[in-house]
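Colleague: Per the numbering used here, the sequence shown starts with residue 525, numbered consecutively.
Since the hints were made in silico from the structure, they are not lab data. All the pointers check out, no bait thrown in.
Think about it this way: if two alpha-carbon atoms lie no more than 27 Å apart in a straight line, the pair counts; the simulated DSSO-like pairs of lysine-lysine are:
| id | residue 1 | residue 2 |
| --- | --- | --- |
| 1 | 690 | 702 |
| 2 | 581 | 620 |
| 3 | 702 | 581 |
| 4 | 603 | 650 |
| 5 | 603 | 627 |
| 6 | 571 | 581 |
Simulated restraints on C-beta separations:
| id | residue 1 | residue 2 | range |
| --- | --- | --- | --- |
| 7 | 677 | 596 | 16 to 26 Å |
| 8 | 668 | 549 | 45 to 55 Å |
| 9 | 625 | 577 | 22 to 32 Å |
| 10 | 692 | 559 | 25 to 35 Å |
| 11 | 549 | 625 | 47 to 57 Å |
| 12 | 622 | 674 | 15 to 25 Å |
| 13 | 706 | 603 | 15 to 25 Å |
| 14 | 688 | 598 | 25 to 35 Å |
| 15 | 704 | 549 | 38 to 48 Å |
| 16 | 658 | 551 | 25 to 35 Å |
Backbone N, C-alpha and C fix where the C-beta goes; we use that ideal spot for every residue, glycine too.
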Amino acid sequence: MKNIFIVVFALLCFSVKAQETSSGEVKFPVADPSPADIVYFPLNAPKAKDATKPIIKIVYSRPQRKGREIFGVLEQYGKVWRFGANENTEVRFFKKVSIGGKKIKAGTYSLFAIPNKDVWTIIVNKQTDKWGAFSYDQTMDVARVNVPVKALLKPLEYFSLTFTAKESGANLIIGWDKTQIELPISF
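Model the full assembly from the supplied sequences, consistent with the hints where possible.
Modeller: Here you go:
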């Protein structure tokens, strides 16, 4: 037992040392080219000094355009897309909501999309903690809603999400490249 402890301790010391540079500083991983971000509704929920509680929280990665044409080329029309980069985008509803007439219980879900030139299908799915859309399972869909595409006058460099308030809920505004989508959410 004592020998196992010594071996484990030695491996632990070695792994810590392997992360240090020759100067003894810890070597941090390089920044991801598609940084993670979070958007809340209401937008001020995480910074509010009052007791404003979030109703919706979305964690997503923000890929960059980098001069490329995105929809129809990089992200093919008619194919399920992870709705961002890296891990699939996750949305947390802190209360029951309705999207496209479908009632969705409070909880955490993934967002996917099927982009097309004039209409997108936005998908709310039960699977979470997955990388991209590679293991997307349609049988886990909670809601699918078709939303029209609006052309932006000027390309948007980063995939971006924000919310606008409406009388009975919020609109999730999705933008990237020359495309903008608006997803109504009621609560």
